[in-house]
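Novice: Sequence:
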Amino acid sequence: MRRFSIYLFLIWSHTLFAQNGIPLPEHPRPDWQRANWLNLNGDWSFKFDKDDVGLKQGWAKGNQAFPLTIKVPFPWGAPLSGVKDEADIAWYQRSITIPKAWKGQRVFVVIGASDYKTTVWFDGKELGTFEGGYVPFEFELPTAKAGSPQKLVIRVDDKRREYALYGKQGYGNARGIWQTIYLEARAKDYLETLHFAPDIDNSKVKVTATLPKPASQDLALKLNIAGVRDANGTAQTIAKGQSELSFEVSLPNFKLWTLENPFLYEVEAELGGDKINTYFGMRKISVVNLPGTNYPYVALNNQPIYLQLTLDQSYHPEGFYTFPTDEFMRNEIKLAKDIGLNGIRTHIKIDVPRKLYWADRLGVLVMSDLPNFWGQPNAEARAESERVLPQLIKRDFNHPAIFSWIVFNETWGLRTKVEENGKKVDKYLPETQAWVASMYRKAKTLDPTRLVEDNSICCGAGHTETDINSWHEYLPGYGWEEYLKNLTSKTFPGSEFNFEKGYKAGNQPNMNSEFGNVWGYEGSSGDVDWTWDYHRAINAFRKFPLVSGWLYTEHHDVINEWNGYWKYDRTKKFTGLEAFVPGMSLKDLHADIYVTTGQDISHSVRPTEVVQVPLTISSMTGRTDVGNELTLKVELNGWDATGQERNWQSFTQKIPYKPWMQQALSPVYVIMPAEKAVAVLALTLLDAKGNIVSRNFNTYIIEKPMPTEVPTPGGNQLRMLSIEPKSFSDAKWSLKQWNVLDGLKVNGAGTGYFEYRIKWPTDLKLDNVMGASFMMEASAKQLFGKDKKEGAKIADNYMLGGGTFDNSLNPNAYPMTDETKFPSEVAFSFNGVAAGKLSIPDDPADHRGVLSWHYQPQDKKLREAGSYGYKLVVSVPNEAIQKATQTGELVLRLAVEGTGGLAIYSDKFGMYPFNPTVIVKVK
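Going by this note's numbering, the letters in the sequence shown line up with residues 319 to 1241, in that order.
Calculated directly from the structure, the hints in this document are not laboratory data.
We treat Cβ as the ideally placed atom computed from N, Cα and C, and that holds for glycine.
Treat the hints with care, since some could be wrong.
[Claimed, not checked] DEER-style ranges, computed between Cβ atoms: (1) ARG733 / PRO460: 27 to 35 Å; (2) LYS745 / ILE1010: 22 to 30 Å; (3) GLY339 / GLU800: 26 to 34 Å; (4) ALA752 / PRO532: 51 to 59 Å; (5) PRO1159 / CYS777: 35 to 43 Å; (6) SER1157 / SER920: 23 to 31 Å; (7) PRO1159 / ARG924: 32 to 40 Å; (8) GLN967 / ALA544: 37 to 45 Å; (9) PRO532 / ALA383: 29 to 37 Å; (10) SER968 / LYS1044: 32 to 40 Å; (11) GLU800 / ASN1196: 13 to 21 Å; (12) GLY339 / ALA383: 49 to 57 Å; (13) PRO1141 / PRO974: 49 to 57 Å; (14) SER920 / GLY658: 45 to 53 Å.
Hey, can you work out the whole structure from these sequences and the hints?
Specialist: Given below as structure tokens:
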């Protein structure tokens, strides 16, 4: 089983924060930080309240010992917290000592997030209660005594509430305190918010300051913007009785916040004795047409941007909602940027501020979701969404990385049970649609600087009022061009397509805001090589520029979706792309200048067939540094029927270039090899200086029977005695033996053997045989969950965490190649004569399994797609050859003594176009 090592990962995570004494010691909000603060993360005394008796028994007084220790801020139940999930209600307590230097200042306890109803007591006095699971809240400590120990007691009630914004916590609940808790000293008068709305067109920024209550006197407000001298508007006065002030600060010669150079303006704000450190970025979010077209695109700084995003569930296997270290959060953003993505969508979770900070700092765009409730859209649920939305925007307004707010997702929680024809059915009612439209308008009023989606739609529902015409679609790779052709024909201003009755499309950017093969196959794909379908989809998207971007599901695996770019523990998966074009990686599939051949990346062809290859260039950039003409290097390489690498053809073709170019190019014509082979048409796009701009490829399966004779350069002949993998005469395996697609691949799991009886030709006499070898494509064979028993069932409440930690249980699954190997060793014998052993590194599945993908039936099911093996060659002992010439038969046994199993591939499965073959060298 390819699973992350929980034990090793726990050690690694604990080591990282143990070096600092407490977990997550950094200030939780670089966008809103005071100098005088004290981190309260670490060990707290803890007690579950299964029977809800703590209030009656006076636990709030802090006089009772709590028997457990929890590591805050990890939610209870998460392994990093140190406690199991045993109840819906729990209590925390610890002693705190307020620094003597804070004497005379107001002291607050701030909790970054706690799920769900949280009540705080200080020295036995109740400070207040807050409901909500995602946003910060605070209470003043009215009897704070600097330098003296005092006691904080916190009760969290996390009983399920149908109206509460719960999201996808089924992947791992955010129970109790799950973000940093800290003390903060403030002056008598202090700032509650300081929001910056940049205006790059007029070289200024609008600043809005708010106070928690009207000023009791005139208050001087001063902004110190790092690197900016004598800026107009940085000194203001909040007049007595005011609680809000808006003003503008001019910024001549400002620096833009861009994805390439995400410059942040550091700000120190002073309001009397209150000092806040924050930041903002000078950037603009808008909608413009793709140059030369009437296609609307999201624009960053007035330039269209082709959105290439990933869905980020933002989960951690040991911390659930909470990451173990700041470095881990930084790496989450860096991982996405390093493969060429320009954004993430934090899915159904209001993300941790420090992770958003790293998006700001590293230059990655963010779509931010409001979590959903799972009940019905009654008055309670509507009120909760209306209450939390302003809190989300209030907290995260200054993050330049955030370019859109998403209010609802896939109509979750928006359907009402009504009686229809005597049955209860779920309906998205017109009155609910009107409320959704009002939530869109509410978000636009709260933040006119960003785009807003009413509902990221799926599954029969449509938009009401929205800034982005988004939709979700999960398809097998072979379905994309037909789907996009149909979709783009129906998408135009005034169209009712993708919209609810009474609402119509305007001039919104069109975006596929969730895609992937994970739900494209019956019952989902499980854990498979997702790169094959991904490659097909990206090739298709780049042919339809009306679609302004896409969002792949997803950044990392979770317990029921295993098609992440990375595993759940963020270890690597391997795509195999470099086997087709040297140096190719996922980044090439995300290149701003891209040549596509369309969705079909494998083709059956005849020997010597002249193939016309259609080409389309998609330049989603204003770059001019590449010159006015590009060079397309075309190479036809691949593997022949003996698995040898071959180079059949190579030439170049000039391509005229201009920024934002979207057009079909002259096709290229390629003569296919005359022999049985897997041919790779490698396409390398070069700029005027010879630098590689992007890489892509197509594959061609030259279908021809396995050769029986192959000449050698020395004038001798190679006689090829090929057998089909399914033609074994005997097999015995300790765990299981089964065949795939009528024997195109045969599997034996555990310890055991396959035995083949190969007819020895009568004309191959001992005196004219110079020797023999045996070659086959083989891999280890792990017994995956789906193969252990028929009819294994996975819980179907996927979005609430139903699923499995067995990433191979899905009937379509064949876990993708990753860092965890499953090796085996096979012993060869011929006519009872031992011929040695060969190691097999793994049981892999990735893009290299080209034949396994090519010959899959297109019926929305997968049968070990992408799996492939390694070319193994062993010499046949002379003694065995002698026996074969005498008996007319070569008995081959392939035995595994360990538990690694063995899979044998045919010429129509795996990577190489050959069957298991005895190669006899003849004089």
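Novice: Now look at each hint and say whether the structure bears it out.
Specialist: Hints and how they fare:
1. A beta carbon spacing of about 46 Å between ARG733 and PRO460 contradicts the range 27 to 35 Å that was offered as a hint.
2. Between LYS745 and ILE1010 the beta carbons are some 53 Å apart, a value that contradicts the proposed interval 22 to 30 Å.
3. Distance hint for GLY339 and GLU800: a CB-CB separation of about 58 Å, inconsistent with the stated range 26 to 34 Å.
4. Checked against the hint of 51 to 59 Å, the C-beta distance between ALA752 and PRO532 comes to roughly 35 Å, which is inconsistent with it.
5. At about 42 Å, the CB distance of PRO1159 to CYS777 agrees with the hint of 35 to 43 Å.
6. About 30 Å separates the C-beta atoms of SER1157 and SER920, a value consistent with the hinted range of 23 to 31 Å.
7. At roughly 35 Å, the beta carbons of PRO1159 and ARG924 sit within the given window of 32 to 40 Å.
8. For GLN967 and ALA544, the hinted distance range of 37 to 45 Å is not satisfied, since their beta carbons lie about 58 Å from each other.
9. Judged by the Cβ atoms, the range 29 to 37 Å given for PRO532 and ALA383 is violated: they are separated by roughly 45 Å.
10. Separated by about 38 Å at the C-beta atoms, SER968 and LYS1044 satisfy the suggested range of 32 to 40 Å.
11. The hint said 13 to 21 Å for the Cβ distance between GLU800 and ASN1196, and at roughly 58 Å that hint is violated.
12. Between GLY339 and ALA383, the C-beta spacing of about 24 Å breaks the proposed range 49 to 57 Å.
13. Evaluation of the 49 to 57 Å hint for PRO1141 and PRO974 yields a pass: the beta carbon distance comes to about 51 Å.
14. As the Cβ distance of SER920 to GLY658 is approximately 24 Å, the hint placing it in 45 to 53 Å is violated.
Violation of the numbered hints given earlier is confined to hints 1, 2, 3, 4, 8, 9, 11, 12 and 14; the remaining hints are satisfied by the structure.
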